[in-house]
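Novice: Build the full structure now, drawing on both the sequences and the hints.
Protein sequences, first through last, are from chains A and B.
Going by the working numbering, the first residue of the first sequence is number 1, and it counts up by one from there.
Going by the working numbering, the first residue of the second sequence is number 1, and it counts up by one from there.
Since the hints were derived computationally from the structure, they do not count as laboratory data.
All C-beta atoms in this analysis are idealised placements derived from N, C-alpha and C, irrespective of residue type, glycine included.
Hints may be right or wrong, so weigh each one.
Estimated spans, in silico, between C-beta atoms of each pair [claimed, not checked]: (1) B:TYR258 <-> A:ASP107: 33 to 41 Å; (2) B:THR5 <-> A:GLU66: 34 to 42 Å; (3) B:PRO7 <-> A:GLN79: 36 to 44 Å; (4) B:ILE185 <-> A:SER202: 41 to 49 Å; (5) B:PRO106 <-> A:PRO159: 28 to 36 Å; (6) A:ASP103 <-> B:PRO106: 18 to 26 Å; (7) A:ASP103 <-> B:ILE185: 37 to 45 Å.
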Amino acid sequence: MSAARSLAVSISGLHKQFEGAVALRDVGFSVPAGTTAALVGPPGSGKSTLIHILLGLLRADSGVAETFDGGGIGAVLQQRGLHPARTVRAQLRVYAAAAGVDDERVDALLAMLRLDEAAATRVRDVPDGLRTRLAVAQALLAQPRLLVLDDPFEGLESPERAWLFDYLRAHARRGGTTLFTSQSLAAAVPVCDQVIVLSAGSVAYQGSPRRLRRNHPDRLVVAASSPIALATTLAAQGFTDAVMRSDGRLAVAEASRAEIEAAAALARVHLGEVVAEPVHPDRVLAILTKSSAPPAYPAPAPATMYGTR
Amino acid sequence: MMLPTLPTVPAEVNRAATAELRKITAVRSGWMLPPVLAAVGFVVASASALRGSGPQPREALVTGTATVGLYLAIAVAVGAAAIGGAVAAGDEYRYRGMDLTALFTPDRNVLFGAKAGVAAAYSLVLAACAEIGAALGLLAFGRHTVEFGWRLVGVFGGGLLAAVCWGVIGVGLGLLVRSPNLAVIAMAGWLFILEPLIWLVAKGAGIAGVVVLLPGSATIGSVAVGSFPESPFLPPNAASAVVLVIWAVAAGAAGWWYLRTRDI
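Specialist: Set out below in structure tokens:
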């Protein structure tokens, strides 16, 4: 009971299929209150289906999806639900009425999300990034404790994403909880405490970004007098993930520096500089989901690839 | 002595209804339609008052051809109400706003009640505007040809009722087919193609009386107070109103059931 109280989201044994196609298969995870969790996966992996079930918009075939939302839920859906003929301000006022908040809160959100200049513009005439910000503003209307955001980075420019990251961090500091989806692990990890990777409707990974990084250590990029001979020797020793770079260097995964040096000695190859290079998170995502989908968003700077949380 | 107190509207209902009202007023057509309908009512009623004749007790239209404009204005208002209801419900699916609406108003009963209630109220406003415009036209140009009496009041009342009922029918169909266009096509197809066909078939089969149960007949019967007394297709005025209300309740109930039981 006390464990349930500390959770903001609890999902167990969730199963859903559409006309014979399995969308979710025995999905289970939980999100502790006051943390930020990212649900990551390629398109069609079941993220939006899960979010819709969690929000009560879809019924699951079996399993349980619960929120413990003492302070209400704010949601951004992948289909933003914006009426093209309404102005930005009118769109916000519609749901402000539904949430029972006044126009002062509307004006505050317009200012906070830098929507005030477009307040009188019709939704059909504003760019995608602004629509996403408007959807976020709608989610924040009632100052909810639990935020459920489906693909909130879609259409956002880098500064807007940075703003959203900052907001989510501040939300967590205030004790709020966020569950958001992303097609890109690189976009998600800087801000989350927990990553849940969905692959074809199943959980392929659940844990911290740090553990994910430990599971997928840095590649070592080596300069060698004969990269092909070195790669052949490494492969013979079981290190098959070695890729020749266009600059002639060899990028080797899963082998330690000592193992590479031993292989170089065996192959009588002179070894030059050896540089550690983090594996790009979206490469990790591709490995976990066995997909070849390109990153959905521009990659962040390497320093923030696995965040500091 | 304790005075009876009016029941308080629950906050959840109040919020949902305000949101629905704002959905209407947030788009240009929502706040432009009432004055446009008033102007249409005034113009068509004035034209018919100027050119038509007075009450004709032995003719089909007992209020006289001078009031044809009033009937036209009511027809336009009823059509606008039906379309408005269909758009109020269908646009939620067209622009995927129903997900958000259902999030902010998780109780689907309240959601439906707010949507249908506001659509009905807006339909009433549309019909009232059209009728006020028409009444002004009749007063301005038909004082010598139009008989201002209870019969005309009945026409006005029937028009208001028809608009409210068709507003609710529009909402019910919009929720059922989840598209404003399909809902409008369904209503227009029924009224202008299917129901006339049923009239013809029923007349040919010698059972013309059954068509009085159809929504088109009931609508005409509700508005045409005392007119077309010999028509086998029209029920008496009071019965028409009851039949029309039943159609509105049935369509609304179907939309409500669908909203409650199906995924958004």
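Novice: Taking the hints in turn, state whether each one holds.
Specialist: Quick rundown of the hints versus the structure:
| no. | hint | verdict |
| --- | --- | --- |
| 1 | B:TYR258 <-> A:ASP107: 33 to 41 Å | holds, 37 Å |
| 2 | B:THR5 <-> A:GLU66: 34 to 42 Å | holds, 39 Å |
| 3 | B:PRO7 <-> A:GLN79: 36 to 44 Å | holds, 38 Å |
| 4 | B:ILE185 <-> A:SER202: 41 to 49 Å | holds, 42 Å |
| 5 | B:PRO106 <-> A:PRO159: 28 to 36 Å | holds, 35 Å |
| 6 | A:ASP103 <-> B:PRO106: 18 to 26 Å | holds, 24 Å |
| 7 | A:ASP103 <-> B:ILE185: 37 to 45 Å | holds, 38 Å |
In the structure shown, no violation is registered for any of the earlier numbered hints.
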